[in-house]
Each structure stands twice: as C-alpha cells, then as structure tokens.
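S.K.: Read off the chains here:
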Amino acid sequence: MNSVIKGASYILVHTPDMVLYNGTTQTTERIVNPESEYLKEVPEKLRSYEDAVAYWPNQTYIGNVHPEELAKVEFPWYDKKMEGAQRYGKFGEIMPEEEFLLLVQASDMFEVVRLEKGFVAAHRDAFAADPVISSDIVERVHEGVELSEIEHFVNDEHAEGLYFDGQLVGCVKAAHDIDQNLSAHVMHENLMSKASSVLALLYAIRNAGIDKADVEYVIDCAEEACGDMNQRGGGNFAKAAAEVAGLVNATGSDARGFCAAPTHAVIEAAALVKSGAYKTVVVTSGGCTAKLGMNGKDHVKKGLPILEDCLGGFAVVISENDGVNPEIDLDLLGRHTVGTGSAPQAVIGSLVADPLDRAGMKIPDIDKYSPEMQNPDITKPAGAGDVPLANYKMIGALAVKRGELDRKELAEFTTKHGLTGWAPTQGHIPSGVPYIGVAREDILAGTIKNAMIIGKGSLFLGRMTNLFDGVSFVIHGNTAKEQKAQAGVSEEEVKGLIAKAMKEFAASLLAE
Amino acid sequence: MAILKDKKVIIIGDRDGIPGPAIAECVKTAGGDIVFASTECFV
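Chains as they are written, first to last, in the numbering used here: chain A, 1 to 512; chain B, 513 to 555.
Hints were generated in silico from the structure; no laboratory data involved.
Just to be clear, a hint being listed does not mean it is correct.
[Stated by the list, open to error] Cut-off 20 Å, straight-line C-alpha distance, at most; resulting in silico cross-link-like pairs (EDC-like, lysine to aspartate or glutamate): (1) A:Lys-393 / A:Glu-68; (2) A:Lys-297 / B:Glu-552; (3) A:Lys-380 / B:Asp-526; (4) A:Lys-279 / A:Asp-322; (5) A:Lys-380 / A:Glu-74; (6) A:Lys-393 / B:Asp-526; (7) A:Lys-380 / B:Glu-552; (8) A:Lys-40 / A:Glu-29.
[What the hints assert, rightly or not] According to the in silico footprint, chain B covers these stretches of chain A (three or more CB under 8 Å from chain B): (9) 342-350; (10) 372-383; (11) 456-462.
Glycine included, C-beta positions come from ideal geometry on N, C-alpha and C.
Assemble the whole structure, with the sequences as input and the hints as a guide.
M.R.: If you want it as structure tokens, here you go:
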C-alpha cells in the first residue's frame, strides 16, 4: 500500500540582521560598491519582527491563514497588516532572530558559535519557553563570553559576526585555518540551515503526533553543502539535524537537486516507506541565508520594505499506511528526463500530462496544482512576475491544447485548480512543498480529493549542465478500505474463520 | 522574424517562462547569430 502523509511543519525565522550581513545581494554590493546608497538604505527598510508576523503570506505559511483566504486579501500585501496575527500557527512558528541565535548555538557541535554573555542571559528564558524547544536543547546553550572575545574573532580571525538590532552579539568562527569549505562564511551558512531544519523537525514530530523515537530515516533537501576540502559536499545535514532534534533511532542522508530537491526527497521517502525499508521517514529542510534580501534592490527602489527577511523551513512526516491519512501515489509520478527538452510545452507535458495519461486521467481531474509557490508580493516588484500564475497558465494551456478544457475556461482554471503564492523566495522552500500541509488537511476534510505537487530545479546554475529538472507526485485520499474490499477476504480473516470452525468442531466432539 | 536575420543575439531565458535553449531554437530558425544563451532563475 502507498505510504501516507502523517503531518507537516512550516517554520520561518525572522533574520533582518542576516539580510544585511549574509544575503548575497548585500554582500556582493559591499564588495563592488561599498559606499552605495542601497547599503545605507537597507537598515531603514528592514521590517520589525511584529511587521513580519503580521504579514499575510507569513501567516499563511505557518498555517494561520488558508491560501484561499490569502487570495481574497487585496493585493499588494506588504502594506497591509493582519489583525491579531500570532507568532505560532498550526504548522509552526515565526521565530525571532534573538531566540534563533540560541538555537544555532544549541545546533553547533564544534564550538564555533560564540554568543555574548548578556545577550544569552537576556533571551534564554524566552527561548526555553518555546513549546517545541526541549530542556536538552536549552542545556546546550553556553553561558556566553565577553564581547571583547567576539570582537577579537571577528576583527582578527575572520569570524562571521552575529548581529541583533545592528549590534554585534556573537560570531561563527572558522572551523579550519586554511580549508575554504570550513571557513566562517560556510560554517555560518550551514549552521543556519541546520538550526532551521531542527526547528522544522521538532514541529513536524509534534504535528504528526508521533514519538521522536519513531523516526527511522531523515532526508535533508536543502541547497547547502557541508564537507571539507577533500569532500566538499560530503553531508550529512539530515543526521546532524536529527541528532539535535533528538531523533535517536534515525539515520539519514541528503538529497540535492536545487529547488526540485524537496519533491525528489518526498518521492524517495514515500518509496522507502512503501518498500518496507523504513516505517517512518521525515523529509526536512532549513533555510538559506544567501537568498535573504535577494530582490532587495528592486524592493527598495520601489519604496517597499525588504520582504525577504525570513529563513524558511519545512518538514514532512511520511509513514506506513494508517488507513486515514492522504497517500502519496507512486503510480502517478512525473519526471523531466534528459531527453524531454526545454520547450515549456514539453516541460509541463512531462511533469503534469504524462503521469496523468498513464493513469487515464485528464488535467482537470486534479483538484489543485502546487508548482512554484513563490509569494508574488516579492517577485512582481522585482520583475519576475507572478510565478505560480505563470505555471498555472502553462498547465491550463496544455489542457486546452489536449482538448480537456475549453479555451474560455482558461482564466477560471488558474483559480479553480491553482493557488495564490505565499512562500518566501528561499529557493527550495517554495517549490511545490508549501501546499502539502494544507492539502493533507483539505483532503481529510473532503474539500479537495487530490493535489499534484510539482518541484522544479535550475540545474544550469551549477554550470554542470544546461538542463533544467523537475519531478511531480500526486496526493489523494486514503484508499486502504477500498483496497481491502477489493482484495476480498484477508489472510488473517481466513485464519480466524478456520480457527472458529475448528473450535466449533472440537466443541461438538466434546458434546458427543 | 526577419528582424533577427544575421543579427548577433544574446538570450537570457527564464526558468518559469521560456528557457534559453527554446528561445535559441527559434532564433536559429530566424537566422540570428547566437553569441550567448543561458537560462536564469529569478526566484
């Protein structure tokens, strides 16, 4: 039987200081144009934590707003605050930067993270009060060091500074004197990814209602690489994050494929569980510091706040069929192959139409499509348009071409079978997977019967190939009961019937 | 399409729109001389 989606988590971490110090748009500007007006403007254009929490798309991401409710909010969203917005949602939370830095230290196994004493003392209690942060994680936070020690590492030892409210409050040291792969910059990037993955894992366990010990395998699908000079991408973020999250019975591995990696990883996890190799697998990912403020120049130029101020994370728990939860149907997998080509029609054909053809289904038979779910509030001012809508138009156009949809219904198709984007532009984070949590709930509630998750990856960015990549899968309601009914009498039921007959026969013999 | 005949063309495609290789095929048939073609990811 197909494996099921037992639960999912979606978390954000508000990291405004990292926008300035670690986002590549800003760090590149600092190298090529250190006196630029843009760099001077960045601190004024960063949102407060309260504003990031009250941002409609963020509330949608953590599960307090349904995507259909978001679609009804007048666009643009950056200038509208949601009344009564909360830090915590049913899928996760929006963690403030100061508490996250303590989680980063708790996730550091090599003592490369140093935090200032007063900073730790000021925020330790708030960190410990987080509902998913257990005492063993809190205990990993050190008492802290003097600011002078941090200043020494940043000024003299190439450490990467950690800032809060524009003030230096800590640092990430290099883990090796010469090895570029263990430089302070790389260690910083990897630790932020790892710590946000830990937070996503903790919420996923809570949301799925399972014990930490139940998890047998973890797949990390972020876009970072950890290793040393002899194995640049050695890994393994998955097991490293599982350790901090306390998943004592888990091993794991990393899946990479740019933004398509989460969809690849969920398919791999579903296959591992269906095959019987593992009973419970969690797909997880943390966020990407490099992409913070990626479109900041365009946002500032147009008078918007810098909207890319949060790291994103998610995790999906996939387990054996429980007869209740929605299934990942491994008979309905789409894949862009080496030979598919790059024409948009061929791309959508391979990802959407081909798997449906194999099952005798039509494009409108899928209730909701979740391709790239980037928040258009971020992408439109930057000139990248409404990415989800562009994808829906392509899918709808293919349906028209195949005679499965009337041309007049094309506009309606994009809203009926589509969703308004709400995910932060963190590369892999918005790629298909943001909808899994919502889809699971909507299928359980009977609002929709199925959904297709589509992940796309820009492989050409790695300069190893000109190819693009993409995979897709379909989630639908649980079919265990139907399958059981179709299968007729089970082996256990036959055994029970024989036992009952033998018992009755024995009783009749005794009676005689 | 004659506007591209014997013209030098730089192509920047979009991952979620029209990718570079697809534009390149069109430019070739229109007689353009492709000096650079790539696909970029804007998200």
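S.K.: Could you tell me which of the numbered hints above are not met by this structure, giving the numbers in increasing order?
M.R.: none
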